[in-house]
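Q: Residue strings, one per chain:
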Amino acid sequence: MLYVRNLTKIYEGGVVALRDVSFDVPKGQFLAIIGLSGSGKSTLLRCINRLVEPTSGQIVWDDIDITAAPQDELRRIRRRIGMVFQHFNLVHRSSVLTNVLAGRLGYISPAWSLVNRFPRADVEKAYRQLERVGIADKANQRADALSGGQQQRVGVARAMMQDPDLILADEPVASLDPVLAHSIMQYLEQINKQDGVTILCSLHFLDLVHRYADRAIALNEGRLVFDGLPQEIDDARFKEIYGKEAERVG
Amino acid sequence: MSAEPSGRLPRWLRSLLLGAAVVLAVIIYAYGFEVTRVDLEETRSERRQTQLVRILRALARPDIFEFRQAELTVNAPFFMPCPPTPAQLHEPDPLRPYLLVRPGCIEPGGMVTIDGFNFDAGSSGNVFLVPPSNVLLQLGDVIADSSGRFTIRVQLPERSSDSVQTIRVIVRQNVGLPRLTRTATDTWDKIVETVFLALLATTLSTVIAIPLSFLAARNLMIGIRSPLLGISLSILAIPLGAALGTMAARFAATWGPTVAVGIPMNLAGAAVSPLVVYAAARWALPPVETAKPSLLLRAARAVVLVVAAAVALFGLVFLAEFLLQAGRQLAATLGALAFLGDFIFNLGEILQIGLSAGAALVGAGVVVSLTGRLSRLGTQSLPGVALRLAEFVVAAAAGAVLFAGIGAAIGWLYEIADARATLLIPAMFGAVAGLGLALRFGGRGSLPIGLVVYTIARTIFNALRSIEALIMVIVFAVWVGIGPFAGVLALSLHSVASLAKLYSEQVESILPGPLEAITATGATRLQTIVYAVVPQIIPPYISFTMYRWDINVRMSTIIGFAGGGGIGFLLQQNINLLNYRAASAQMLAIAVVVAAMDYLSSYMREKVV
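Quick mapping for you: the protein sequence lines, in order, are chains W and R. Note that this note's numbering numbers the first sequence so that position 11 is 11, with each residue one more than the last. If you count the second sequence from 1, you need to add 250 to reach this note's numbering.
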């Protein structure tokens with residue numbers, strides 16, 4: 001279980017990104033987070049692995065208080081939380097394999113990873129993950145030689161290298177065309193259904209939410225404005241989440 | 251006037267102001283002419299113009315090639331004054347070069363016409379009068395025309411003699427192929443020295459600047475925060491760790507030579523120790539740590555690591571000793587390649603010198619990381635009051651040590667022998683400052699220590715960068731003597747500051763995305779740098795290093811002016827000796843090398859980046 005309690009984030013300069021957000025995520029759920037750009041979705045996801053330091057509030061995951069964890073504890077927490085990004089965030093000049101292996105950095109001793117040595121088991125695991133997302137043949141290419149869809153698959157493989165119990169996906173398909181978007185979402189669905197990994201995924205398109213998510217929460221200007229099943233988002237709710245002027249697309 | 255809209259002055263006032271501005275500008279430029287002593291009269295003076303032409307012509311003929319010259323001496327007998335009975339003179343051989351002097355005899359001080367025949371076309375030389383005393387009295391210069399003739403009319407000196415005198419022409423002619431002059435070979439030697447001077451300086455500064463550049467990168471440093479307890483403990487730990495490291499290095503350096511004697515034993519020691527260290531590291535640093543190890547295991551690992559560190563230290567001592575001895579022997583046996591042996595010997599010496607500095611650094615690092623762990627433990631588990639108390643004590647001690655250290659440095663620099671003024675009083679101030687900080691920032695909060703380090707690093711780099719290498723070399727020339735080594739050190743120091751700044755700006759401009767992604771995997775800060783930062787900065791680092799080499803080549807051409815070796819030394823000498831043709835050869839060499847470096851570096855940048 002993941003408990004988020006009264007989470008508030010105020011950035012330096014006074015921008016309030018999250019106001020008093022509380023919700024729970026049961027293990028194995030596929031939770032979609034929706035809302036306008038700038039509504040606080042990214043901040044919320046980044047507070048969970050503390051890439052962004054929350055201003056106040058508490059996040060408890062499997063009885064561990066993430067918000068209070070010291071640095072070395074945080075390392076052990078982060079390595080079980082995979083993250084997938086809108087812009088993939090691969091290291092362009094490194095090979096695909098190295099990018100995937102980077103998912104193991106939280107596990108291996110810093111001294112050995114400095115000289116770019118990964119245990120053989122990890123390398124084999126990396127090839128298996130690349131096979132799973134269908135790009136094992138690209139392992140030795142540079143990451144920036146890949147197309148957008150392939151790069152995001154590398155991103156998913158990197159997250160899976162962490163043996164995660166939780167994946168945070170920050171608009172994973174927003175930079176991809178609809179066909180690729182579905183293929184990436186299917187990988188996430190597979191990971192969720194087969195491996196039982198809890199997934200928190202921020203999404204822009206409601207049809208994706210309807211199709212893949214077990215549940216949806218919505219943010220508007222940092223406030224939680226909706227928490228329920230995707231099917232419950234009707235036109236009235238839609239206007240509540242996205243504002244009166246909004247029109248549905250897709 | 252107040253009725254005018256703001257910023258719009260009345261027309262007459264604007265005209266007036268414009269006029270005043272023009273007058274002011276004229277005054278400013280007039281003063282500029284005055285202080286820079288602009289004197290157009292000088293540029294038109296005939297004397298100056300002749301000098302300028304002379305220099306320009308000399309510069310246009312760099313002293314690079316020369317011909318071997320053959321000398322030809324042709325004599326014609328001559329009487330001065332005319333003898334009472336006309337003397338019988340030999341008829342010259344009309345097939346060989348000969349002279350015709352008209353008239354054949356003359357009163358002392360008269361004018362004669364000398365014609366030369368059958369000389370090689372274009373050969374030049376001098377005409378002399380050789381009296382019986384056999385001194386050469388120069389009469390004039392001659393150049394043979396295309397048919398091998400010349401004519402010159404000269405006035406003879408008043409040297410009368412009863413016996414026969416000689417009119418002599420000595421001509422010189424280029425023979426064979428052109429060959430390099432002495433200046434050219436000297437220039438070649440020095441330009442090679444210059445290029446390698448720049449290469450060494452660039453290499454040295456790159457190695458030092460890369461780690462330092464991370465300290466001056468805002469985006470990496472800004473996130474580093476540490477509680478006051480940790481910072482204070484680190485300040486106390488750094489000198490302690492450095493002292494321990496130095497002591498360990500000294501111990502190894504003292505006992506190493508007694509353990510291993512001779513080249514084979516030292517080589518064996520140097521070869522075995524990495525294996526031992528590797529095995530120990532394999533055991534003590536498991537590649538994957540899944541669970542927290544037990545206390546006993548951790549203690550055992552710590553002991554093994556300490557032993558491994560000692561073995562590594564001894565291994566390096568053996569290696570240094572091996573390099574020294576092997577280098578000395580190679581230098582003695584290799585003959586023409588003796589410089590390779592000298593190089594190996596020098597490597598050994600560098601290793602020996604670097605060892606205690608490296609050990610001090612590593613020692614400081616280890617002790618700091620240990621105290622960091624201690625302070626984290628303290629911040630987490632100590633009860634509030636005890637934590638505050640520990641903080642007060644440690645912060646005061648750290649402040650005292652820091653200020654006393656600064657005081658001691660100042661005391662040494664200005665030769666203040668008063669321990670009370672340089673140690674005690676600063677220590678008290680430091681303690682008070684530490685207490686103040688503890689009062690203000692104590693507890694579980696943290697201080698932006700990264701930002702402090704960043705600011706200090708930037709300040710030092712900027713200060714160093716603002717001092718030109720040309721000035722630094724003066725200090726280094728005093729230290730290591732005039733020569734290229736002083737130049738290497740001066741250029742290195744200046745390059746470290748420049749490169750560290752350029753590099754750190756590249757670190758600041760990397761994409762933040764990969765950094766975020768690697769951090770999210772649970773990577774430590776060091777791992778994040780290796781996996782997310784380093785791959786992104788390699789191309790700009792290479793490109794800036796090449797650029798710096800280019801700059802260093804240019805700098806090293808003039809660093810000799812201040813005693814830094816290289817071609818500048820030669821150039822300055824020749825300019826001072828008014829030997830403009832030689833100076834021209836050196837300037838040409840510099841231009842060629844700089845242009846070649848430019849092409850080479852742009853080519854390599856294109857290939858690598």
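Incorrect hints may have been included.
Listed next, the in silico BS3-like pairs over lysine-lysine satisfying Cα-Cα at most 25 Å (straight line) [as the list claims (entries may be wrong)]:
(1) W:K138 - W:K125
(2) W:K125 - R:K542
(3) W:K138 - W:K27
(4) W:K138 - R:K542
(5) W:K125 - W:K193
Here are some chain W residues the structure puts well away from chain R; computed CB gaps all over 10 Å [as the list claims (entries may be wrong)]:
(6) R76
(7) E131
(8) R132
(9) D177
(10) F226
(11) I241
A partial selection of chain R residues facing chain W, derived with a Cβ cut-off under 10 Å [claimed, not checked]:
(12) A529
(13) A531
(14) V538
(15) P633
(16) A669
(17) G763
(18) I768
(19) A782
(20) P785
(21) Q786
(22) S793
(23) M796
(24) I808
Worth flagging that the hints you see were computed from the coordinates, not collected in a lab. As the structure is a prediction and not an experimental result, all values here were calculated from the model. Quick reminder that beta carbons are idealized off the backbone N, C-alpha and C, glycines included.
Q: A separate judgement is required for each hint: does it hold in the structure or not?
A: Cross-check of the supplied hints:
1. W:K138 - W:K125: 15 Å, holds
2. W:K125 - R:K542: 23 Å, holds
3. W:K138 - W:K27: 33 Å, violated
4. W:K138 - R:K542: With a Cα-Cα distance of about 36 Å, the restraint between W:K138 and R:K542 is violated, given a limit of 25 Å.
5. W:K125 - W:K193: With Cα atoms ~20 Å apart, W:K125 and W:K193 stay inside 25 Å; holds.
6. R76: The assertion about W:R76 is violated, with a minimum of 7 Å to chain R.
7. E131: 20 Å, holds
8. R132: With a cut-off of 10 Å, W:R132 remains clear of chain R, as the shortest Cβ separation is near 18 Å.
9. D177: 21 Å, holds
10. F226: Its Cβ never comes within 10 Å of chain R, the nearest being 27 Å, so this holds.
11. I241: Non-interface label on W:I241 holds, nearest chain R Cβ at 27 Å vs cutoff 10 Å.
12. A529: 14 Å, violated
13. A531: 7 Å, holds
14. V538: 5 Å, holds
15. P633: Violated, about 17 Å.
16. A669: 41 Å, violated
17. G763: The hint holds - R:G763 has a Cβ within 10 Å of chain W, the shortest such distance being about 4 Å.
18. I768: With Cβ-Cβ at 6 Å, under 10 Å, it holds.
19. A782: 6 Å, holds
20. P785: Given a least distance of 4 Å, the restraint on R:P785 holds.
21. Q786: Holds, because the Cβ-Cβ distance from R:Q786 to chain W comes to roughly 7 Å (cut-off 10 Å).
22. S793: 14 Å, violated
23. M796: 18 Å, violated
24. I808: 38 Å, violated
In summary, the structure is inconsistent with hints 3, 4, 6, 12, 15, 16, 22, 23 and 24 from the numbered list given earlier, while agreeing with the others.
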